[in-house]
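Q: Chain residues, written in single-letter form:
Number of protein chains: 2
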Amino acid sequence: MTTDVIQENSPLLAHPFVKQVVTQLRSTDSYGTYDTWTDCRVLDPLILTKERRREIPVIGDPDDITISRVKAFYNAISCRIEAECGLMAVPMINLTHEGFGRAIITVGKLIVMDKILRDVHRFGFDSLDKLIEEVDKLTAKALTIIADHRAVAEL
Amino acid sequence: MTTDVIQENSPLLAHPFVKQVVTQLRSTDSYGTYDTWTDCRVLDPLILTKERRREIPVIGDPDDITISRVKAFYNAISCRIEAECGLMAVPMINLTHEGFGRAIITVGKLIVMDKILRDVHRFGFDSLDKLIEEVDKLTAKALTIIADHRAVAEL
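Chains as they are written, first to last, in my numbering: chain A, 483 to 637; chain B, 483 to 637.
These aren't lab readings, by the way, just hints derived from the structure by calculation. Careful, some of the hints might be misleading.
If chains are identical, the list can't say which one is meant, so a pair holds when it fits in one copy or spans any two.
[What the hints assert, rightly or not] Capping the alpha-carbon separation at 20 Å, the derived lysine to any residue pairs in SDA-like fashion look like this:
{"id": "1", "residue 1": "K597", "residue 2": "L637"}
{"id": "2", "residue 1": "K597", "residue 2": "A585"}
{"id": "3", "residue 1": "K597", "residue 2": "R584"}
{"id": "4", "residue 1": "K553", "residue 2": "V524"}
{"id": "5", "residue 1": "K597", "residue 2": "P573"}
{"id": "6", "residue 1": "K619", "residue 2": "D608"}
{"id": "7", "residue 1": "K553", "residue 2": "A585"}
{"id": "8", "residue 1": "K597", "residue 2": "I575"}
{"id": "9", "residue 1": "K501", "residue 2": "L530"}
{"id": "10", "residue 1": "K553", "residue 2": "M574"}
{"id": "11", "residue 1": "K553", "residue 2": "D618"}
{"id": "12", "residue 1": "K612", "residue 2": "Q489"}
{"id": "13", "residue 1": "K553", "residue 2": "S509"}
{"id": "14", "residue 1": "K553", "residue 2": "F582"}
{"id": "15", "residue 1": "K553", "residue 2": "G583"}
{"id": "16", "residue 1": "K553", "residue 2": "E580"}
{"id": "17", "residue 1": "K597", "residue 2": "H579"}
{"id": "18", "residue 1": "K619", "residue 2": "L637"}
{"id": "19", "residue 1": "K597", "residue 2": "E636"}
{"id": "20", "residue 1": "K597", "residue 2": "N576"}
{"id": "21", "residue 1": "K553", "residue 2": "L577"}
{"id": "22", "residue 1": "K501", "residue 2": "R632"}
All chains, full assembly: derive it from the sequences and hints.
A: Listed below in structure tokens is the structure:
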């Protein structure tokens, strides 16, 4: 099923990171709701165009499914960092109920990623390209820090 | 007021760390309930003797006031580390609603304390001495890591 923001035949759906995000999102689906869904449909809520973003009010607390998407995204980044550096990467996400917080990824005693989260209600990316771009940036930065301070990452 | 676990005239109540914990605990008291309480009484729930511990069931989720005590304790440790090393120390606590989780303190990109939390329902110390002992141990360890990897702590 092609959604209005992701084409079913998009080559990006085969990107290893995108596949990892899909795996992570599917793993949170305890009731099997996603079983009959295509990857496109599972990923769809992560893609927030300007129009979509505008429709989501930042009122009240972000719901559990939104928060689980944030976690799926940072879990997937951890997996990627882990695969590239060969050391265990652990994500830790702290959110106040209003949707503000901090996401970090640690390797050994080293913080390799540190992001302030705001308006988690609207967590998403303009397009699949933007999502991959962001991930590449975060991963590259993390790997540089690990290379610079390998001893701490191995603690 | 002397409680059954802390003596009003205990010299430990003047210990800088104990005073800091009291400050942190009082800061969570938005309704002024503690205003008329002595430090003894404010600290009292943090001291869990074997008998007291046995009386607290690990059933259901730990309540907010218990969690705020955990936070007060690690905030106070952060303050102490900050004072001793001259760099900002940030605590981050992640708890599942069942009372399991992880507490870390970061300085720059360095994790200077990392503790697994279990049965937060029963968070406390055998005595005020034990509390100070634990804090001294954690602080000493944190300062060693900072000394060993000052460059990362300054990132």
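Q: Which of the numbered hints above does this structure break?
A: 22
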